[in-house]
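> The lines below spell out each chain.
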Amino acid sequence: MSLPIVIADDSLLARKVLTKALPEDWDVAISYASNGLEALAHYRAGRAAVMFLDLTMPDMTGFQVLEALQHEDLNTFVIVVSADIQPLARERVQALGAAAFVAKPVTQEALLPILKEYGLYA
Amino acid sequence: MPDRVFTELQRDALQEIANLGMGQAATRLSGLLNAFIELSVPRVRVVAVSEAAEALREMTGIDGPVAAVRQGFRSEIKGEALVICRSGEIAELGSLVGGRAGDHDEDPYEDHDALTEEELLFDVANALTGACVSSMLDQLGRMPVFSQPGLLGEAIMLDEVFQPGLLAWDVALLVEVNFALEDQRFRAHLVMLMAEESIHVVSRAIDALLHSL
Chain A
7 MSLPIVIADD
17 SLLARKVLTK
27 ALPEDWDVAI
37 SYASNGLEAL
47 AHYRAGRAAV
57 MFLDLTMPDM
67 TGFQVLEALQ
77 HEDLNTFVIV
87 VSADIQPLAR
97 ERVQALGAAA
107 FVAKPVTQEA
117 LLPILKEYGL
127 YA
Chain B
87 MPDRVFTELQ
97 RDALQEIANL
107 GMGQAATRLS
117 GLLNAFIELS
127 VPRVRVVAVS
137 EAAEALREMT
147 GIDGPVAAVR
157 QGFRSEIKGE
167 ALVICRSGEI
177 AELGSLVGGR
187 AGDHDEDPYE
197 DHDALTEEEL
207 LFDVANALTG
217 ACVSSMLDQL
227 GRMPVFSQPG
237 LLGEAIMLDE
247 VFQPGLLAWD
257 VALLVEVNFA
267 LEDQRFRAHL
277 VMLMAEESIH
287 VVSRAIDALL
297 HSL
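So the protein sequences, as listed, match chains A and B.
The opening position of the first sequence corresponds to residue 7 in the working numbering, with each subsequent residue numbered one higher.
The opening position of the second sequence corresponds to residue 87 in the working numbering, with each subsequent residue numbered one higher.
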């Protein structure tokens with residue numbers, strides 16, 4: 007069965023870049039979200055074994071999504087993909103339970119070690 | 087003419103390109119001020135220059151006097167970057183950058199301090215413009231050359247920032263990104279203005295980028 011993943015970013019370009027950076031042979035079912043609320047809805051519907059999460063989004067930011075997930079069972083690997091590369095941003099998302107942080111523009115070289123580390127992709 | 091210039095897809099791409107530039111600039115500013123910079127979604131609009139001040143008032147929520155620094159950039163895409171903040175707010179940054187700890191017995195109105203504020207404004211402008219514009223043009227496959235920055239004024243109104251005579255064009259692409267210091271009032275706004283000719287180059291560069299995906 008395909009692994010359900012969510013790509014949450016308000017930018018269509020960013021969603022495309024991320025989709026292209028995923029390993030070609032990774033068996034996944036992708037759901038897209040253009041803000042934090044949609045990302046949470048996908049999560050609650052069981053479509054987010056892995057969530058690729060942008061930080062600066064309208065309606066609900068990535069930080070707020072992480073906070074909300076902490077009140078749920080946090081049964082997902084959140085990989086933050088953000089242009090906000092301030093060291094403190096990275097520390098904060100990790101304190102909020104994110105599994106990893108990847109700087110934009112995201113590349114497959116940056117994603118592969120993380121996916122392998124968590125056993126998400128062999 | 088305004089917002090027919092870009093398709094929805096191109097606007098989205100330009101906004102994301104600005105987002106990456108903003109991230110680079112925030113990191114520089116964060117290092118300069120030893121503070122965490124809160125980022126928001128960049129905004130992109132094409133406006134007639136006669137409407138630019140009004141558009142910027144709307145985007146920034148600024149109605150009063152501002153301090154503004156302008157810096158030109160050239161490549162196949164050329165334009166001007168403006169860094170704008172509310173007049174007086176730059177003074178609040180003095181305590182963050184250090185070196186002024188023993189200053190409090192000095193007269194705050196003496197020349198030395200006025201100079202320091204101007205330098206600080208140029209430092210902020212330089213960090214934001216250099217990082218953001220370079221990153222954005224790099225993503226569009228261009229490498230900018232910057233001209234010397236110049237002070238437009240320390241307490242001018244937004245209308246004065248966009249005097250038609252100052253900008254040799256009728257239509258401008260406004261890219262507004264704003265940087266908020268956590269737990270501080272200070273906000274800096276970076277606005278990029280590009281003339282029509284450059285807007286078409288940007289448009290083609292975005293298409294090339296989208297096509298490569």
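Calculated directly from the structure, the hints in this document are not laboratory data.
One or more of the hints may lead you astray.
Derived, one-sided and incomplete: chain B residues facing chain A with beta-carbon distance under 10 Å [unchecked claim]: (1) 91; (2) 92; (3) 94; (4) 108; (5) 109; (6) 117; (7) 175; (8) 225; (9) 229; (10) 249; (11) 268; (12) 269; (13) 299.
Chain B side only, calculated, beta carbon under 8 Å to chain A, not exhaustive [what the hints assert, rightly or not]: (14) 102; (15) 105; (16) 106; (17) 112; (18) 113; (19) 120; (20) 125; (21) 126; (22) 270.
Cross-link-like lysine to aspartate or glutamate pairs, in silico, DMTMM-like; alpha carbons within 20 Å at most [to be verified]: (23) A/22 / B/94; (24) A/22 / B/293; (25) B/164 / B/268; (26) A/26 / B/293.
Backbone N, C-alpha and C fix where the C-beta goes; we use that ideal spot for every residue, glycine too.
> Run every hint past the structure and note whether it holds.
Hint by hint, here is what the structure shows:
1. 91: At 17 Å from the nearest chain A Cβ, residue 91 of chain B fails the 10 Å test, so the hint is violated.
2. 92: violated, 13 Å
3. 94: holds, 9 Å
4. 108: The hint holds - residue 108 of chain B has a Cβ within 10 Å of chain A, the shortest such distance being about 7 Å.
5. 109: holds, 3 Å
6. 117: holds, 9 Å
7. 175: Since the shortest Cβ distance to chain A is 21 Å, the answer is violated.
8. 225: holds, 8 Å
9. 229: Nearest chain A Cβ about 17 Å off; hint violated.
10. 249: This interface hint is violated because 32 Å lies over the 10 Å limit.
11. 268: holds, 9 Å
12. 269: Hint violated; residue 269 of chain B Cβ to chain A Cβ min 13 Å, cut 10 Å.
13. 299: holds, 5 Å
14. 102: holds, 4 Å
15. 105: Status holds, d = 5 Å.
16. 106: This interface hint holds because 5 Å falls under the 8 Å limit.
17. 112: holds, 6 Å
18. 113: With a minimum Cβ separation of about 5 Å from chain A (threshold 8 Å), the hint on residue 113 of chain B holds.
19. 120: With a minimum Cβ separation of about 10 Å from chain A (threshold 8 Å), the hint on residue 120 of chain B is violated.
20. 125: With a closest approach of 5 Å, the residue 125 of chain B hint holds.
21. 126: holds, 6 Å
22. 270: violated, 15 Å
23. A/22 / B/94: This hinted pair holds, its Cα atoms lying about 15 Å apart.
24. A/22 / B/293: holds, 14 Å
25. B/164 / B/268: Violated: residue 164 of chain B and residue 268 of chain B sit about 32 Å apart, past 20 Å.
26. A/26 / B/293: Holds - the C-alpha atoms of residue 293 of chain B and residue 26 of chain A are around 17 Å apart, at most 20 Å.
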